[in-house]
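Student: Residue numbers (the working numbering), protein chains in the order written: chain A, 1 to 263; chain B, 1 to 449.
Each hint should be verified, as a subset may be incorrect.
[As the list claims (entries may be wrong)] Listed next, with one range per pair, are the computed distances between beta-carbon atoms:
#, chain 1, residue 1, chain 2, residue 2, range
1, B, A60, A, A15, 53 to 59 angstroms
2, B, E268, A, A15, 34 to 40 angstroms
3, B, Q306, A, E18, 50 to 56 angstroms
[To be verified] Chain B regions said to be covered by chain A (calculated; three or more residues, Cβ under 8 angstroms):
#, segment
4, 259-269
5, 330-338
6, 437-443
It is worth saying that the hints were derived from the structure and are not from the lab. Where a beta carbon is used, it is the ideal one built from N, C-alpha and C, also for glycine.
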Amino acid sequence: MENKIKVPTMAEMTASGETPDVLFWVGCAGSFDDRAKKITKAFVKILNKADIKFAVLGTEEACSGDPAKRAGNEFLFQMQAMMNIQVMNGYNVTRVVTTCPHCFNTLKNEYPKLGGKYEVLHHTELINNLLEAGKITVEGGEFKGKKITYHDPCYLGRGNDVYEAPREVLGKIDTALVEMARSRRNSLCCGAGGAQMFKEAEKGDKEIFVERTEDVLKTNANVVATGCAFCNTMLTDGVKRFNKEDEIEVLDVAELIANAADL
Amino acid sequence: MISSVIFIIILAAGIYVFAKKVGVIRRNILLGKDIDRSDRKDERWKTMARVAMGQSKMSARPVAGLLHLFVYVGFILINIEVLEIILDGIFGTHRLFHSVLGDFYFMIINFFEVLAVLVIVGVTVFWIRRMVVKIPRFWSKEMKGWAKNDALYILYIEFVLMSALLIMNAADQVLMATPVDQLEAAGLSKYALGLDGKFAVSQFLTGLMPENLDALHYIERGAWWFHIIGIMLFLNYLPYSKHFHIILAFPNTFYAKLEPKTELNNLESVTKEVEMMFDPSADPYAAPPAGAEDAVPERFGAKDVQDLNWKQLMDSYTCTECGRCTSVCPANLTGKLLSPRKIMMDTRDRLEEVGQNIDKNGADYDDGKSLLNDYIKPEELWACTTCNACTEACPVLIDPASIIIDLRRYLVMEESQGPSELNAVYTNIENNGAPWQFAQADRLNWKDE
Ligand code: SF4
Ligand code: SF4
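Assemble the whole structure, with the sequences as input and the hints as a guide.
Tutor: Following this line, the structure appears as structure tokens:
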């Protein structure tokens, strides 16, 4: 797995007179969170493999403002948005792909009215396109024949109606996809959205991620796949809570594909 | 005809009182801020047709959905019969539509009777679900007092109204089958419509009817008056009840948000200020444009109902208190204080209170209360994950999450309140461009790790 990944930045590309086809918006979790960094790298490997001309903003990227906005801090959100839009418009960005459903939602739906109009894709959509176009192929991988369930991130599914792309991707690996009782529109939140990720839960009699992990356990799946670093953290905590970390892996769709494509 | 006069007076009074109350509700809704929902008309009509008329969201729970469909279709179609009753009442005629429709009339009445039975079945099962099976969403904290009784009253009213309809038809059937000379001898010749044949359901009730023609006449008239007065009372009960949704469901789905569920509006008042900060040529000390001095500075977010927009207020009057939202809310499911249904009920209760204050004490009266704190506690607001399960579940496209966000905006931007961890998050985002304490310069370090 130690083949070096290529991660050009916008600044470098522009300096050498090139324009990337798509900007990879990494997001804060993808940049700094140890678990999420693995997802970022898995996705980069896929992009490299498929020969996609992409670039990242690197140190010019800053928080999309999503957690501030959901918490009610509209000022901070719009400051972040305007800054990011200035940077992206400066590079004439037209297409963006991101591994974070929260950045995805914000860039796609909330930036346009502030002057940032881009075509925005979630990485599961891009991966699906690449598989359909034959740019990457999946054959092997250690998850072949395993039972997988998929957790819909709220901001991807209910929020933006992306239900099928991740499932189609998972369908291409030779696995049995089992649905949880609450899935798609009726999926249950992992508990992280709306800035909950960054605070203690309010007083209650249970953690939301525990409630959701119970749904996962009921499927008897070996792998729970998702498309969001925050859901990933929450479900990983949940699996640990039930001492099932040896039986159930929590993985991003990108990681599963990178694995199945032997990247 | 004295009975026509009495009827017209009752009818006019019923409609007048109803229209007045509707006017008050309209006024209350318009206390909200303006929001433009006049775009994409085609899509809006389609949404309304699908969700309000087509009941599309109700199929998510098939049993409740089917029963609700009986009551809904029954209610709409029986209005044709109500129209006949009203015209009969005004003109002193009897079964006016018969003279227009001929034999087809029978089919229609039969159809109504079947619907009446379905309504009776529907409300009976609804009653059992509430009172015997005790479906949890009808028994949560906020469903006390009026909220609980309101739901039951309407079931009783519908039951009684439908029963009156069937009893009326049963008595009438016996009368109509009576030989014309006997009817004429008893002064009841208006029942001699020459209708023979039986009504689909009420024929089974004729056995319960007396034989005496006068008694039959009283029963028929009694049930007739009971039915129409009941309908007038029902009409005037509606605006005080969650059952007002049978009217508001239509505009409410029409004006529903068409954007993706998780898209939040960008506050324009904030955009102006942020643009100023970004525009180096803007002079912060410049005199405000003419006419702007006396404009009240806009509040960021919502503290009270007037700070919400009219659609959010319409949502609150449309809420059916069905609890579908709360029953899928992850915060509520895990025992937190938040209940999206309660958010809607609180909004309506507060709006009613504000409206009454205006009626009693004039528009500028301040009762010192507000939606935030007096009705909805910050603890409820901070439990929301903005997952939109509630908006997805709502059969009439209500958006409780938008109210939660607007109240949070007030807490954060006007009062600097909220969980302390979040304050740290704001500082980090401001200083390092990430919610955690990592330097922005390290943002690409993952590449070489
Ligand atoms: S958006 Fe908030 S109120 Fe609505 S279901 Fe999710 S957590 Fe509950
Ligand atoms: S908001 Fe919608 S789902 Fe919730 S109680 Fe009211 S009508 Fe039912």
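Student: How does the coverage statement for the segment 259-269 of chain B fare against chain A, requiring three or more residues with Cβ below 8 angstroms from a Cβ of that chain?
Tutor: holds (count 8)
Student: Do at least three Cβ atoms from the segment 437-443 of chain B come closer than 8 angstroms to Cβ atoms of chain A?
Tutor: holds (count 5)
Student: The hint says 34 to 40 angstroms between E268(B) and A15(A); measuring C-beta to C-beta, is that right?
Tutor: holds (38 angstroms)
Student: Do the beta carbons of Q306(B) and E18(A) sit within 50 to 56 angstroms of each other?
Tutor: holds (54 angstroms)
Student: Is 53 to 59 angstroms right for how far apart the beta carbons of A60(B) and A15(A) are?
Tutor: holds (54 angstroms)
Student: For the segment 330-338 of chain B, count the residues whose Cβ lies under 8 angstroms from any Cβ of chain A; is that count three or more?
Tutor: Per the Cβ count (8), the hint holds.
In this structure, every one of the numbered hints holds.
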